[in-house]
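Chains as they are written, first to last, in our numbering: chain A, 1 to 180; chain B, 181 to 355.
A few of these clues could be false.
Derived CB-CB ranges, DEER-like [stated by the list, open to error]: (1) A/P55 with B/T226: 37 to 43 Å; (2) A/Y154 with B/H189: 53 to 59 Å; (3) B/A304 with A/A150: 48 to 54 Å; (4) B/D270 with A/A12: 25 to 31 Å.
Hints in this document: simulated from the structure, not taken from any laboratory.
Note that beta-carbon positions come from the ideal geometry of N, C-alpha and C, so glycine has one too.
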Amino acid sequence: VLAACTSSPSSADYDKLTADVVKASFQDRGIAKLDRLEQDDANRECSAADVAGKPLDEKGGQGHRSGQHEDHQVAFGRQVPGRLERGRENCPERSWPDLERQGHAANGGNCYNCHQISKEEISFGTLGPSLYNYGKLRGVTDPNAAASKAIVEYTWGKLWNSRAYNACSQMPRAGHARAS
Amino acid sequence: MDLETRLIHCMVTLQGFHEAACTRPRRRFGRGEMANLVALATYVATQSKGMRFNLPQNTPQEKAMYEVGKRLFFQRGGTHDFSCASCHGDDGKRIRLQDLPNLTKNPGDGVGFAAWPAYRVSNAQMWTMQKRLNDCYRQQRFPEPKFGSDVTIALGVYMGVNAKGAESIVPAIKR
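Between the sequences and the hints, there should be enough to build the whole structure, so can you do that?
Have a look at this one:
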């Protein structure tokens with residue numbers, strides 16, 4: 001494979017070489033089939049931006065361009081892992097694939113892997129921002145109140161498809177990925 | 181080739197082993213010839229204990245593997261959109277309480293690439309870099325990289341070159 005390279009390969013040559021290497025290197029394992037390597041536009045563009053060291057604009061546009069925003073608006077109201085009003089109990093240790101195998105279609109988001117939420121849980125990750133007092137800081141005391149509607153819908157949308165708000169957010173698209 | 185594929189090359193071409201006996205990792209890391217391979221890799225790597233990483237980038241092939249490794253490192257996919265960089269692209273992050281080394285640069289002596297092969301206390305096994313990468317991809321919800329495949333070699337080159345100057349502490353102990 002490497003012999004195909006010229007003396008001064010371009011970035012596109014390395015992209016092609018990488019695609020060939022990926023194709024030759026992976027095999028199915030359990031429920032993780034080779035189709036998981038196929039990138040949608042959002043992942044392709046964000047990966048390329050990371051390789052180039054030139055991050056895409058964090059907010060807005062990219063999500064719309066790749067159809068992410070429309071997706072979550074159409075889907076609003078469908079179940080995401082966990083329910084907002086049940087808070088902490090919806091963020092268990094178990095991962096989504098594990099829960100799916102056990103027949104629990106939407107029963108937890110593994111939130112604490114990356115986020116602080118309650119002070120009672122000291123084993124939390126820092127890959128995402130702290131969500132301690134998330135509702136309080138946004139003026140929400142009753143998620144069902146009319147005044148809370150906008151922030152509740154935003155929060156639901158963020159869980160369903162984080163990329164609709166931030167093109168290259170590292171947060172999984174909890175609803176979008178499983179809907180597609 | 182990385183250390184393990186180099187060892188397999190000798191085992192197959194000089195010693196007459198069947199390649200499949202050494203390279204079939206499905207639940208066989210730590211068993212049969214794979215156990216011997218892990219032990220050999222640990223022994224050989226330990227000869228470099230205390231030395232600082234300085235991987236060569238002199239040939240087009242070495243440079244190409246670095247560039248491929250870089251692209252693999254940032255390749256987002258799977259059910260959760262994860263790439264290697266999701267966890268290992270920034271300083272000072274952790275998942276739950278586990279510190280995560282930034283592997284896009286030298287993360288420090290005996291950290292990241294400079295800590296493998298290592299003994300995993302949590303499952304009482306020696307893990308080589310092949311096993312480490314295999315399990316990273318499992319956690320990414322990706323399909324499985326074949327043992328010794330170019331994906332694993334390229335990522336090793338990328339991490340090893342980035343770790344330039346880091347002191348090897350192998351054999352390390354890990355959670």
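Violations among the numbered hints, reported as their numbers in ascending order: No hint contradicted; all consistent.
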